[in-house]
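Colleague: Since the structure of chain F is already known, use the hints to place chain V on it.
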Amino acid sequence: MARVVVDVMLKPEILDPQGQAVQRALPRLGFDGIADVRQGKRFELEVEGPVDEAALARIHEMAETFLANTVIEDFTVKVES
Amino acid sequence: MTARIGVVTFPGTLDDQDALRAARLAGAEPVSLWHRDKDLKQVDAVVLAGGFSYGDYLRAGAISRFSPVMETIIEQAKAGMPVLGICNGFQILTEAHLLPGAMLRNNHLHFICRDQKLRVENADTAWTVDYGQGQEIQVPLKNMDGRYVADERVLDELEAEGRVAFRYLDMNPNGSLRDIAGITNAAGNVVGLMPHPEHAVEPLIGTGRTDGLGFFTSILKKLVNA
Chain F
165 MARVVVDVML KPEILDPQGQ AVQRALPRLG FDGIADVRQG KRFELEVEGP VDEAALARIH
225 EMAETFLANT VIEDFTVKVE S
Chain V
3 MTARIGVVTF PGTLDDQDAL RAARLAGAEP VSLWHRDKDL KQVDAVVLAG GFSYGDYLRA
63 GAISRFSPVM ETIIEQAKAG MPVLGICNGF QILTEAHLLP GAMLRNNHLH FICRDQKLRV
123 ENADTAWTVD YGQGQEIQVP LKNMDGRYVA DERVLDELEA EGRVAFRYLD MNPNGSLRDI
183 AGITNAAGNV VGLMPHPEHA VEPLIGTGRT DGLGFFTSIL KKLVNA
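Chains F and V, in that order, are what the protein sequence lines are.
Each residue of the first sequence is one higher than the one before, starting from 165 at the first, in this note's numbering.
Each residue of the second sequence is one higher than the one before, starting from 3 at the first, in this note's numbering.
Quick caveat, the hints were computed from the structure, so don't treat them as lab data.
Among these hints, one or two may not hold up.
What the hints assert, rightly or not - No more than 30 Å apart at the CA atoms, straight line, and that leaves these computed lysine-lysine pairs for DSS-like: (1) Lys175(F) / Lys242(F); (2) Lys43(V) / Lys119(V); (3) Lys205(F) / Lys43(V); (4) Lys175(F) / Lys80(V); (5) Lys175(F) / Lys144(V); (6) Lys40(V) / Lys80(V); (7) Lys205(F) / Lys175(F); (8) Lys80(V) / Lys43(V); (9) Lys205(F) / Lys242(F).
So here's chain F without its partners, still in its complex pose (with noise of 0.2 Å):
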């Protein structure tokens, strides 16, 4: 089975408080030099039969009505073999 990944941002215009949170707690902890975090989903999706234009026409659906909401959220699809 082929895996396609669904990695889901925030738009960068939009506050994420998360990756604020984490970015802060960073030098704290000893971890120097990053300057800014953003935090995302990933969604690992296990594709039965071939991973062909259709199917990835059908999973950018997916991506565009429901695991992302396009309001707020970017997202990208790729094929991992």
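Modeller: Leaving out everything else, chain V in the frame of chain F:
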């Protein structure tokens, strides 16, 4: 005939009983609706109550939005049926694109629970006609994902068309853009807000204020005059 107000229960809904009670206290016939049923049991209006439907997994309201009952509600709302979304219900309405924008995690990342002052900015919607324009009310607020966001163009449009229905007063509890606590669609039949009017309908409960009852008497007035 008494108006029938339906209240939907999703897995994880918490405030359905309070909403049903508020509808009854206002003089309506409360009707329980189940998320798996497409049938709305001939209700005249629908309340999507607060809670954590589907545990807020994926995004608050994102999974509920695709439930069978929502298929019918979306269709009926577009045809003019009054729908009120409170808290999680508001999140469901934005996910369903019945209202613009989106709800995000509070900017301070804490769950918040307080008595919140609001200004009624639009007393002309199906759910607010019993309030005065500019009236200040106080109702409980409790949420984790209450930060309303939309792009500048949408925000300007909402302001210009008087569709910001409620604004937070004294303090902004969650970082909502332009202090927005609730909005309405262009037709005024669909309203969403984060605070909880259904928890402020009886003098013996909470802060003793009944400021929230106006939502439910408004809809009765609207339905009777329709």
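Colleague: Against the structure shown, which of the earlier numbered hints fail to hold, in ascending order?
Modeller: When the structure is compared with the hints, numbers 2, 3 turn out to be violated.
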